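Asks: Each chain is listed here by its residues.
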Amino acid sequence: MKIHPSDILDQADALRWKLPQNVDDRIAEALYGTAADLASRNTTKSGGSFRATWQRQLDRILTGRFTGLLAMLAIFSTVLWITISGANVPSAMIADLLVGTIPPLLHRAAEAAGLFPWLSGLLIDGVYLATAWVISVMLPPMAIFFPLFTILEDFGYLPRVAFNLDRAFQKVGAHGKQALTMSMGLGCNAAGVIACRIIDSPRERLIAILTNNFSLCNGRWPTQILIATVFIGTLVPGAFSGVLAAACVMGVACLGFALTFASSWVLSRTVLRGEASTFSLELPPYRPPSILRTLYTSLIDRTLFVLWRAVIFAAPAGAVIWLVSNVHFADQSLAYWAITALNPLAWVMGLTGVILLAYIIAIPANEIIIPTVLMLTVQYAGLSGMGDGAGVMFDTDGHALRTILEAGGWSVLTAVCLMLFSLAHNPCSTTIYTIYKETGSWKWATVATAMPLAVGFVLCSSVALVWRILAAG
Amino acid sequence: MSACGDSGCGTCGTAAPGGAGWERRGFRITSFDSVVALAGNPNTGKSTVFNHLTGLHQHTGNWPGKTISRADGAFEFHGTRYRLVDLPGTYSLLSASPDEEVARDFILFGRPDVTVVVVDATALERNLNLALQIFQITRRAVIALNLMDEAAAHGVRVDDRGLARDLGVPVVPMAARKGEGIDALVATIDAVRRGDIVCNPKAFHFPVPGLEESVASLARDLAGLYPGLPQARWVALRLLQGDGRIREALRSGDFELLAGPVGPNQPSPEPAA
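Protein chains in written order, with numbering that gives the first Met the number 0: chain G, 0 to 472; chain W, 0 to 272.
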């Protein structure tokens, strides 16, 4: 007699009814029993260990109700402060070389080679300069920030962050594991969105995906650090400027957490209603980070990866910037028309038209926002040509950036609003596409794009309004 | 060939002696002779072992759940090209969460020639629970007893030879972060693949009245339908537990793929129950 798969299924069903109801539990119990027996038979423990004791003590502080929160603030602020005070000098040196010294040489070489002026403009003032800006602006902070962050991760601190935030996530009706995906978002939002797969409930997973963008990503940390250093740190005497800048960046990052909680709360009370599910989170032991490996992986995996991505997107963006600044329509460049059109909206938000245009051009990567702003400002504000002039604008204090931006009409308000808008605006195109792939729906990808934009608009406009009222009064 | 019985430890050893002769092959995974799966609990160092073997740089970090989908890499040992698959970490294979399904489906349907179970020496009990479940699906398994350095720092000593004897599969003590034990692991994987080490993983009996008979009878029918199905007993058990994925696989004919002729690189079928 030939057996069919359906016969086997029928037989399985028939046999199943004869088994006791708790058969799953009993099998699981038996497995655990055997594993426990095997483990105890082959393990010998020698006395109490010093390590286990101090790990317990450390956990008492790092995951305590209040001490945990304080420690979290202290640790992340310290990391930011080290980054900010360490990145200043090398940033200025690299900018001096790449943006100051090299472009005139390139122009001279292009002239000698008899290149068309428009071609050398496109290649040198567009593609090369955008790339050079990206490297000089982003490399030093990344080379300091990522290794520090990786050491924390290696040590075992990130799951503690998740543990500390778990209760808060439960309260807003989201999944506790969202703390982990949010932490992943601190590295890269696209990765954070993919990480949301660890959340089983579709409702909670969607909340985690839609709100992930409020975690400052690799591409935005340098922007925050740079603007805070140049515009806000300089408001106080030198000794305190690093501390103030770090505190500001920390404040923006914390505002991001607050926005995550707030938007999760709203979503779970409106379109994505439901109960929060429970889960168990394992706190791994603290492990001494292996410094050399950390340095290697964070330099290769993160720093160079992010930098490479920035360079890939910067080169074509540079070409686009050069084109919109040099292709004319009715006597004015395209950039002029776009910026003029965007200016009123930008004014309401405390920004400038240049910044909004930069955010449109730089949709592929947040990494190139600052370089794009700089190049557009230089082209639009008609500062002396990027070639020879750029070198003059750079002094070794690294204030060149400020000089350019102030020429573009920036004030401290612009800096504050840019930091807020950098936190709350649409995700980069990679992340938007990842959200589409993960949710399988353009509708949710659109929501994920529009929601932070709306939040950013409200946030920036309110700050600008209050600021102007206070300044006038 | 000798089975790893209570007295067979001289021949099978806890692990094959280590030595050079292996080469990292990074992403070159298109042509390979054998497939090795890396399974284990979350945060036991699977990705670290993976990186050491392949020379790739999967992101590693001290927190559970880093590897969400599987990662592929390659290495070579004495002319045999291995494809290495890093599976997401799971505590068990019994529930149906997406990461557990990725791991389970690969061990079941991907038919790896050898499955390496990375085990955290500081949390043996919880880790062995998963190992026992994996032994029900595949017989060609190697235990990578990782984090031995940390266990020592905690004042815990694990008897790797005793463990190998009790489990019936080779056990390689390791400290993967320092690169210790990697050579021995490669040699052991190769020895298991060639059949120089024959695994005889601990048979598991179910202390539930009537279950053993039901499993045996169902497994017999499965073996009749798909001669050579290597995991008939496990499939039978899962059917009795009402596992939707396995029922679906049976209906759609996925098991016919598994039940093909048993080649030299395939796990030998379980002895009839």
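Check each hint, because a few of them may be wrong.
Below, a sample of chain W positions facing chain G; criterion: calculated Cβ distance under 8 Å [to be verified]:
{"id": "1", "residue": "F108"}
{"id": "2", "residue": "L127"}
{"id": "3", "residue": "F203"}
{"id": "4", "residue": "D220"}
{"id": "5", "residue": "R250"}
Calculated directly from the structure, the hints in this document are not laboratory data.
Note that this is a predicted model, so its numbers are computed, not measured.
Virtual Cβ for every residue (Gly too), placed ideally from N, Cα, C.
Asks: Indicate, hint by hint, whether the structure satisfies it.
Replies: Here is what the structure says about each hint:
no.	hint	in the structure
1	F108	violated, 16 Å
2	L127	holds, 4 Å
3	F203	holds, 7 Å
4	D220	holds, 5 Å
5	R250	holds, 6 Å
Hint compliance for this structure: hint 1 alone is broken.
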